[in-house]
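Listed below, chain by chain, are the residues.
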Amino acid sequence: MPETTIQTFGVRRLEIIAADGTADEALLPDLSGDQLRRLHYLMLLTRTFDRRALALQREGRIGTYPSVLGQEAAQVGSAFALQPSDWVFPSFREMGAHLTLGYPVHQLFQYWGGDERGLRTPDGMNLFPICVSVGTHIPHAAGAALAARARGDRSAVAAYFGDGATSKGDFHEGFNLAGALKLPVVFICQNNQWAISVPLAAQTAAPTLAQKALAYGFEGIQVDGNDVLAVFRATGEALVRARDGGGPTFIECLTYRMADHTTADDASRYRPPADVEAWRDRDPLLRFERFLAKRGLWNGDYGAEVQAKAEGEIDEAVRRYESVPPPEPGEMFAFTCAELSPRQRRQQENIR
Amino acid sequence: MPQLNMVQAINLALREEMARDNRLVVLGEDVGRDGGVFRVTEGLFEQFGGDRVMDTPLSESAIAGAAIGMAVCGMRPVAEIQFMGFIYAAFDQLVAHAARIRTRSRGRFTCPLVIRTPYGGGIKAPELHEESTEALFCHVPGLKVVVPSGPYSAKGLLLAAIRDPDPVLFLEPTRLYRLVKEEVPEGDYTLPLGTARIVRQGGAVTVVAWGSMLQRTIQAVEGYDAEVIDPMTLAPFDGETLLASVRKTGRLVIVHEAPLTCGLGAEIAATVAEEAILHLRGPVVRVAAPDVPVPLARLMDRYLPSVERIQAAVKEVLTY
Chain S
7 MPETTIQTFG VRRLEIIAAD GTADEALLPD LSGDQLRRLH YLMLLTRTFD RRALALQREG
67 RIGTYPSVLG QEAAQVGSAF ALQPSDWVFP SFREMGAHLT LGYPVHQLFQ YWGGDERGLR
127 TPDGMNLFPI CVSVGTHIPH AAGAALAARA RGDRSAVAAY FGDGATSKGD FHEGFNLAGA
187 LKLPVVFICQ NNQWAISVPL AAQTAAPTLA QKALAYGFEG IQVDGNDVLA VFRATGEALV
247 RARDGGGPTF IECLTYRMAD HTTADDASRY RPPADVEAWR DRDPLLRFER FLAKRGLWNG
307 DYGAEVQAKA EGEIDEAVRR YESVPPPEPG EMFAFTCAEL SPRQRRQQEN IR
Chain P
169 MPQLNMVQAI NLALREEMAR DNRLVVLGED VGRDGGVFRV TEGLFEQFGG DRVMDTPLSE
229 SAIAGAAIGM AVCGMRPVAE IQFMGFIYAA FDQLVAHAAR IRTRSRGRFT CPLVIRTPYG
289 GGIKAPELHE ESTEALFCHV PGLKVVVPSG PYSAKGLLLA AIRDPDPVLF LEPTRLYRLV
349 KEEVPEGDYT LPLGTARIVR QGGAVTVVAW GSMLQRTIQA VEGYDAEVID PMTLAPFDGE
409 TLLASVRKTG RLVIVHEAPL TCGLGAEIAA TVAEEAILHL RGPVVRVAAP DVPVPLARLM
469 DRYLPSVERI QAAVKEVLTY
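These protein sequences, in sequence, are chains S and P.
Last residue of the first sequence: 358 in the numbering used here, with the numbers rising by one and none dropped.
Last residue of the second sequence: 488 in the numbering used here, with the numbers rising by one and none dropped.
One chain only, chain S, in its complex shape:
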């Protein structure tokens, strides 16, 4: 018998805005001028937050911090597509998603400043605490999607992670479960191409990460992660599919980590500076400003105005963060479990 091909696969790639700001009009999502300006402001706010966080770290006013520089479009574009009823499971480098979802800015500083109280998500906001353990929250998203199905509502679930997470067992177990049970979940990978010092080529032999979804029976799509509208569109479509019972989608946002892994890292030890320069031309914020300018929604004056607004918002958040009194030692025990054991109670009393 002759050998035959029984399956062939393809991976779609989506890009809407070119580097010069021109756009493929046929692919443009249906967003008003105000919404486009909001997307811009959220990216600008993210960058302003990030710059301030790095400065605060250098001044010893917060602890180790992972910069999001260069990844603003991937985070803001995807989070902007979510509904308030959707559940979100972030990794540790999604400050842009947090800001887009309306997470209190001062609490982000508070968390990175070493105060766990910063992780208390406001009531009614379906955003899970930051997951530092790489990729292990992916099965949680599958479980949350099972819960959404059990409730019978139309909420979907989004999980954020990086390229390094795609090597982890929980990535594969979570993807397999979500695919097998056809769960309403959207997996959003920010492929920033570095897991600390390990480049993508050493992370996987696969030419795209998106193709990994195919093995689990659902679609993977690669989008230009520095194109906020492409990310928004792909996420929106995936969410609709999830809500309509079409199962999960994996979105690989191809982007680049422009900064060190964290403030405790020195990327110059392992990364060619020319790579960073090449990606500077693809800056997500500048690209979107060029796009907006062509539509009369951005000019220098407007840029200065919203920059000042973002600075003011961050100033206020820093003031608020630094005015919060430090936690009492006994607070370590406060949420260990619903009811402390007698031994924990004694330890709590003695720790003061």
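No lab work stands behind these hints, which were simulated from the structure alone.
Please note that the accuracy of each hint is not assured.
Stated by the list, open to error - One-sided and incomplete, this derived list gives chain P residues near chain S with beta-carbon spacing under 7 Å:
| no. | residue |
| --- | --- |
| 1 | Ser227 |
| 2 | Ser229 |
| 3 | Ala230 |
| 4 | Gly233 |
| 5 | Arg270 |
| 6 | Gly275 |
Glycine included, each C-beta is placed from N, C-alpha and C at the ideal position.
Fit chain P to the given chain S structure using the hints.
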């Protein structure tokens, strides 16, 4: 009142609680149509359907992780890990997530899940099917570890575990699954977590044992003035009941089938050393498995503490 074995008692607890609380879902490998490899979930699939009794892929970390996601989103998952030796693949989920979600979210999210798993030796099964590594989990703040030692306590403890607002690891002594029958009432009753049970009153020596070791201990102390304590919850451990007994008897023997080193017996002995040493008449004696991987069936009788070894330990402390 019906006489049930432990499998039937756990099945009854699940069945009644699923009928009472529609948030409760059972998930795991083979728990659905097959009714579980030990038949613990038999009939639940037929009664409650595949949305509430879910067969999952062979995927321990995903089972634990998805149960966590469900629990924080308002459901009450009872996940089965088919054998305790397979729970290591889910260890990260239990330690890094289930145990920490309440703390990490400052109480915004909680993780009311139960992980059930058969545990312990003496069933002539392959490697990794007879593990007793409860101490690994007792060391983790935020996790409760429960071990029933009979059908009656299995039902009452499981209902308490399901209703507990925090994650509970529920270890079912495989050797006892069908070994003994007890009267197990239908309907609601719970045994509080964190509270030990004095199985047998005595004045000369306190013997602490759980799981399948409790049966052997009761046989071993026949004819001795021994007080036998079944902790039922290993974490948090009921120190009050233990210390009160040791202050009365002045002697302590701890029996567990887990390896000696860093087993829970070490913690119990240290607690007595810190808080009741002046009441002791002699050294604390631990009867435990040796510090070796669990052997296969041919050596199991030499590995697990036997009635004779437990009795010898009791005799020894009584010489002081």
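Structure-based check of each hint:
Hint on Ser227 of chain P holds. Least Cβ distance to chain S is approximately 5 Å, under the 7 Å limit. About 5 Å separates the beta-carbon of Ser229 of chain P from the nearest beta-carbon of chain S, less than 7 Å, and the hint is met. Hint status for Ala230 of chain P: holds, given a least beta-carbon distance of 4 Å to chain S, under 7 Å. At a threshold of 7 Å, the smallest CB-CB gap from Gly233 of chain P to chain S is about 2 Å, leaving the interface hint in force.
At its closest, the beta carbon of Arg270 of chain P sits 5 Å from a beta carbon of chain S; the interface hint therefore holds under the 7 Å criterion. Taking 7 Å as the C-beta contact cut-off toward chain S, the hint placing Gly275 of chain P at the interface holds, the least distance being around 5 Å.
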